[in-house]
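Quick note, the sequence shown lines up with residues 1128 to 1212 if you use my numbering.
In short, the hints are calculated from the structure, not lab data.
A portion of the hints provided could be inaccurate.
Taking lysine-lysine and the DSSO-like style, the derived pairs with C-alpha atoms no more than 27 Å apart in a straight line are [to be verified]:
no., residue 1, residue 2
1, Lys-1146, Lys-1200
2, Lys-1144, Lys-1200
3, Lys-1204, Lys-1181
4, Lys-1144, Lys-1181
5, Lys-1200, Lys-1181
6, Lys-1146, Lys-1199
7, Lys-1181, Lys-1199
Derived CB-CB ranges, DEER-like [unchecked claim]:
no., residue 1, residue 2, range
8, Gly-1176, Asp-1140, 29 to 35 Å
9, Ser-1188, Val-1133, 15 to 21 Å
10, Phe-1138, Gln-1161, 41 to 47 Å
11, Val-1166, Ser-1188, 28 to 34 Å
12, Lys-1199, Glu-1134, 31 to 37 Å
13, Glu-1149, Ser-1188, 17 to 23 Å
14, Thr-1132, Arg-1185, 40 to 46 Å
Quick reminder that beta carbons are idealized off the backbone N, C-alpha and C, glycines included.
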Amino acid sequence: MLRVTVELVPFGDEERKRKIAEAIIYNDGTGDFQAGNYVAGFCEDGWLGSTTVKNHRRAQSVWVLVGATIIKKFRGKARERGSNV
């Protein structure tokens, strides 16, 4: 299992840091030695939902898996929240 925590650190002051979001990513146990299948859940001021990533090549960086879960879950969502992104 991976836990990805996003912290806000105002002006770099570690004493004022606070967690603002979290993702949990786990292997669903159905992959093989070369590729894994993963489930990711997201929280930010409450539960945001989950997604799956299938056939992630294990030889890739962990950041590729983290990025894939974020893209799959949130692609197109920025505009829904009023962002200009």
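Hint check:
For a cut-off of 27 Å, the pair hint linking Lys-1146 to Lys-1200 stands: about 20 Å separates their Cα positions. This hinted pair checks out: Lys-1144 and Lys-1200 have alpha carbons roughly 26 Å apart, not beyond 27 Å. Only pairs whose Cα atoms come within 27 Å are accepted, and Lys-1204 paired with Lys-1181 is accepted, the gap being roughly 21 Å. Our distance criterion of 27 Å between C-alpha atoms is broken by Lys-1144 and Lys-1181, whose separation comes to about 34 Å.
For the given pair, Lys-1200 sits about 13 Å from Lys-1181 by alpha-carbon distance, which is consistent with the 27 Å threshold. For the hint pairing Lys-1146 with Lys-1199, the CA-to-CA distance comes to about 23 Å; that is within 27 Å, so the pair holds. For the given pair, Lys-1181 sits about 11 Å from Lys-1199 by alpha-carbon distance, which is consistent with the 27 Å threshold. For Gly-1176 paired with Asp-1140, a C-beta distance near 32 Å keeps the hint of 29 to 35 Å intact.
Hint check: Ser-1188 to Val-1133, Cβ distance near 19 Å, so the stated range 15 to 21 Å holds. Evaluation of the 41 to 47 Å hint for Phe-1138 and Gln-1161 yields a pass: the beta carbon distance comes to about 45 Å. Between Val-1166 and Ser-1188 the CB atoms are about 19 Å apart, so this pair departs from the stated range of 28 to 34 Å. Take Lys-1199 and Glu-1134: their Cβ atoms lie about 23 Å apart, and the range 31 to 37 Å is violated.
At roughly 20 Å, the beta carbons of Glu-1149 and Ser-1188 sit within the given window of 17 to 23 Å. Between Thr-1132 and Arg-1185 the Cβ separation comes to about 23 Å, which falls outside the hinted range of 40 to 46 Å.
Violation of the numbered hints given earlier is confined to hints 4, 11, 12, 14; the remaining hints are satisfied by the structure.
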